[in-house]
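Asker: Single-letter residue listing:
Number of protein chains: 2
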Amino acid sequence: MKLTILGCHSATPRWDANPTAQVLEVKGHLFLIDCAEGTQVQLRRRKVKFARIKHIFISHLHGDHFFGLVGLISTFRLLGRASDLHIYGPQGIKEAILMQLKLGNSYTNYKLFFHELDSKQPQVLFEDDILSVTTIPLKHRVYTNGFLFQEKVGDRILDIDKAKEFDVEMSYFQKIKQGFDVPDTKGNMVANASITIDPSTPKSYAYCSDTCYHEAIVPQIKKATLLYHEATFLEQHAALSSKTMHSTAKQAASIAKLAGVGTLVLGHYSGRYSDYEAFKNEAQEIFSQTQLAQDGKVFDI
Amino acid sequence: MKLTILGCHSATPRWDANPTAQVLEVKGHLFLIDCAEGTQVQLRRRKVKFARIKHIFISHLHGDHFFGLVGLISTFRLLGRASDLHIYGPQGIKEAILMQLKLGNSYTNYKLFFHELDSKQPQVLFEDDILSVTTIPLKHRVYTNGFLFQEKVGDRILDIDKAKEFDVEMSYFQKIKQGFDVPDTKGNMVANASITIDPSTPKSYAYCSDTCYHEAIVPQIKKATLLYHEATFLEQHAALSSKTMHSTAKQAASIAKLAGVGTLVLGHYSGRYSDYEAFKNEAQEIFSQTQLAQDGKVFDI
Chain A
1 MKLTILGCHS ATPRWDANPT AQVLEVKGHL FLIDCAEGTQ VQLRRRKVKF
51 ARIKHIFISH LHGDHFFGLV GLISTFRLLG RASDLHIYGP QGIKEAILMQ
101 LKLGNSYTNY KLFFHELDSK QPQVLFEDDI LSVTTIPLKH RVYTNGFLFQ
151 EKVGDRILDI DKAKEFDVEM SYFQKIKQGF DVPDTKGNMV ANASITIDPS
201 TPKSYAYCSD TCYHEAIVPQ IKKATLLYHE ATFLEQHAAL SSKTMHSTAK
251 QAASIAKLAG VGTLVLGHYS GRYSDYEAFK NEAQEIFSQT QLAQDGKVFD
301 I
Chain B
1 MKLTILGCHS ATPRWDANPT AQVLEVKGHL FLIDCAEGTQ VQLRRRKVKF
51 ARIKHIFISH LHGDHFFGLV GLISTFRLLG RASDLHIYGP QGIKEAILMQ
101 LKLGNSYTNY KLFFHELDSK QPQVLFEDDI LSVTTIPLKH RVYTNGFLFQ
151 EKVGDRILDI DKAKEFDVEM SYFQKIKQGF DVPDTKGNMV ANASITIDPS
201 TPKSYAYCSD TCYHEAIVPQ IKKATLLYHE ATFLEQHAAL SSKTMHSTAK
251 QAASIAKLAG VGTLVLGHYS GRYSDYEAFK NEAQEIFSQT QLAQDGKVFD
301 I
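If you read the protein sequences in the order shown, they are chains A and B.
Using this note's numbering, read the first sequence as starting at 1 and increasing by one per residue.
Using this note's numbering, read the second sequence as starting at 1 and increasing by one per residue.
Please keep in mind that the hints were generated in silico from the structure rather than gathered at the bench.
Treat the hints with care, since some could be wrong.
With a cut-off of at most 27 Å between alpha-carbon atoms, the simulated DSSO-like pairs for lysine-lysine come out as follows [unchecked claim]:
hint, chain 1, residue 1, chain 2, residue 2
1, A, 102, B, 250
2, B, 27, A, 102
3, B, 243, A, 102
4, B, 152, B, 203
5, B, 94, A, 94
6, B, 139, A, 102
7, A, 223, A, 175
8, A, 139, B, 102
9, B, 203, B, 54
10, A, 111, B, 243
11, B, 49, B, 2
12, A, 203, A, 152
13, B, 250, B, 139
14, B, 223, B, 47
15, A, 120, A, 203
16, A, 102, B, 94
17, B, 102, A, 94
18, B, 297, A, 243
19, B, 222, B, 152
20, A, 243, B, 102
21, B, 94, B, 203
22, A, 120, B, 102
Just so you have them, the derived chain A footprint on chain B, three or more residues with Cβ under 8 Å [to be verified]:
hint, segment
23, 11-25
24, 55-66
25, 69-76
26, 89-96
27, 196-209
28, 272-281
Note that CB positions come from ideal geometry on N, CA and C, so glycine has one too.
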């Protein structure tokens with residue numbers, strides 16, 4: 001899994017700070033998460049092959065998370081896109097996009113599928129052999145979901161030397177990877193565990209923006225390899241944070257600690273701050289494995 | 001009049017090329033003309049005091065001319081704007097903007113006035129003592145207007161030395177500027193022309209994007225001080241230009257020549273070109289006073 005931060009600031013686009021958008025690459029998949037104004041320019045700037053994006057996940061319908069979507073959809077049309085595009089987001093997103101395309105008489109020539117969300121329970125949005133994507137119901141001023149990207153347990157890893165040692169024919173290799181015991185050339189069964197090793201632990205990425213401090217998400221994001229949790233404010237502005245239903249760096253770290261995640265990445269900084277190290281310091285007092293999101297930064301998960 | 005080009009490219013925003021938006025400053029007024037995605041960032045980059053913008057003119061509802069509007073409106077809200085904002089644009093613009101603000105539960109706390117247009121005749125949109133703004137009906141794939149900004153004839157300029165020489169009292173100076181003949185201290189009438197000079201010729205700016213070659217606009221833009229006319233293509237792509245209802249550099253120059261404008265500025269270049277000098281060269285064969293728009297370029301009119 002490779003996460004590229006296209007923008008990690010709140011509220012308004014500025015010339016040196018982009019509002020929220022991220023790209024997650026998982027074994028050939030390229031998922032776009034949120035799409036603020038300017039996202040298509042950031043995709044080009046970061047040299048993301050964005051024609052490969054087939055699924056876009058929108059957390060909520062505040063401008064700093066979705067005002068770039070209609071432009072990206074239009075650009076796909078202008079670039080001659082042919083493949084389907086799936087948009088997952090709160091109810092209303094379909095009408096907002098289609099109305100604008102209609103006004104410009106600019107309907108797409110590729111297929112656009114909207115998956116509108118209104119459930120307050122976790123919901124599987126996408127699933128294949130490689131991973132699943134599930135909503136993480138968040139608590140904000142409008143209906144909002146985070147997204148949990150979970151790799152599936154891979155095939156067992158064949159130890160070829162051991163397989164030769166146990167005299168197992170090559171034609172069984174696929175079965176072995178799938179976890180079966182298989183016979184050797186004399187017909188004696190060979191235990192799968194003797195000739196395979198465990199596959200690598202599946203990785204997971206939990207995206208949680210925007211939300212107030214909300215412990216209800218902890219069971220769902222438990223042990224996530226990487227958690228991106230918004231930290232719009234520092235504790236010194238806890239009252240404002242609470243009023244606007246955002247989180248402080250300390251609160252993000254508390255969630256990370258409760259969930260026992262691998263790494264916490266902070267972002268969605270308010271424009272009032274210029275020293276982002278203060279976010280890291282505040283969070284690290286509670287959860288040491290904290291890093292800062294930064295426009296253009298890449299996290300290998 | 002001072003015209004700042006915020007973006008002058010067609011179709012899609014790129015990291016080094018912005019789609020259409022311009023700011024026109026006229027004696028204290030700051031008018032925004034079109035508002036593509038990224039316009040608010042360009043306003044900041046060019047250090048335009050954009051809180052001063054009170055009137056926004058949208059030519060048509062293609063994304064490269066209006067996808068940045070909802071973001072700018074939202075940013076005004078976040079910056080605590082209190083003054084009214086007037087938006088002039090094609091029918092449908094109001095619903096498109098308000099729907100998005102509603103979805104984010106983010107209505108403005110300042111007053112937003114929409115002036116929706118559907119007339120195919122020139123229409124005065126704004127008028128005060130200084131200038132008027134009139135639509136220029138254009139011909140494109142969707143309903144489109146250009147905009148004509150015309151300064152009014154100013155007061156006559158008082159020649160104070162002459163006024164003293166003719167023994168006219170100061171209390172008459174305002175009347176003199178308004179063009180009246182006034183008495184001297186002995187009661188003899190003094191001809192206005194003897195103690196004033198002509199005010200400077202009123203300037204005008206005609207904005208014409210997007211449009212195919214459309215001679216019908218010529219009478220309206222006759223003798224404009226500056227004409228911005230789209231030139232999406234070069235003549236080598238005349239067929240494509242015609243099909244998409246755009247203009248070539250040559251056609252823009254022909255319009256400028258027919259209208260006898262002072263200066264022609266070209267813009268709205270298609271992304272297929274990298275050498276913009278070719279646009280200038282093609283146009284200058286017909287109309288020598290041709291210049292190229294360029295992101296960030298300022299024209300003193």
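Asker: The structure should be examined with respect to each hint, and the outcome stated for every one.
Answerer: Verification of the hints:
1. 102(A) / 250(B): Status violated; Cα separation ~32 Å.
2. 27(B) / 102(A): Since the Cα atoms of residue 27(B) and residue 102(A) sit roughly 38 Å apart, the hinted pair is violated (cutoff 27 Å).
3. 243(B) / 102(A): Cα-Cα ~20 Å, so holds.
4. 152(B) / 203(B): Between residue 152(B) and residue 203(B) the Cα gap is close to 8 Å, so the pair holds against 27 Å.
5. 94(B) / 94(A): holds, 18 Å
6. 139(B) / 102(A): Holds, because 18 Å separates the two Cα atoms, which is no more than 27 Å.
7. 223(A) / 175(A): violated, 30 Å
8. 139(A) / 102(B): holds, 18 Å
9. 203(B) / 54(B): Holds: residue 203(B) and residue 54(B) sit about 21 Å apart, inside 27 Å.
10. 111(A) / 243(B): holds, 24 Å
11. 49(B) / 2(B): holds, 14 Å
12. 203(A) / 152(A): holds, 8 Å
13. 250(B) / 139(B): holds, 17 Å
14. 223(B) / 47(B): violated, 31 Å
15. 120(A) / 203(A): At roughly 25 Å apart (the allowed maximum being 27 Å), residue 203(A) and residue 120(A) satisfy the hint.
16. 102(A) / 94(B): Between residue 102(A) and residue 94(B) the Cα gap is close to 14 Å, so the pair holds against 27 Å.
17. 102(B) / 94(A): holds, 14 Å
18. 297(B) / 243(A): Distance ~43 Å between residue 297(B) and residue 243(A) Cα, so the pair is violated.
19. 222(B) / 152(B): holds, 16 Å
20. 243(A) / 102(B): The given pair, whose Cα atoms are some 20 Å apart, holds under the 27 Å limit.
21. 94(B) / 203(B): violated, 32 Å
22. 120(A) / 102(B): With Cα atoms ~20 Å apart, residue 120(A) and residue 102(B) stay inside 27 Å; holds.
23. 11-25: As far as the segment 11-25 of chain B goes, the hint holds, because 5 residues have Cβ atoms under 8 Å from chain A.
24. 55-66: holds (count 4)
25. 69-76: holds (count 4)
26. 89-96: holds (count 5)
27. 196-209: n = 0 at 8 Å, threshold three: violated.
28. 272-281: With 0 residues in contact (Cβ-Cβ under 8 Å with chain A), the coverage given for the segment 272-281 of chain B is violated.
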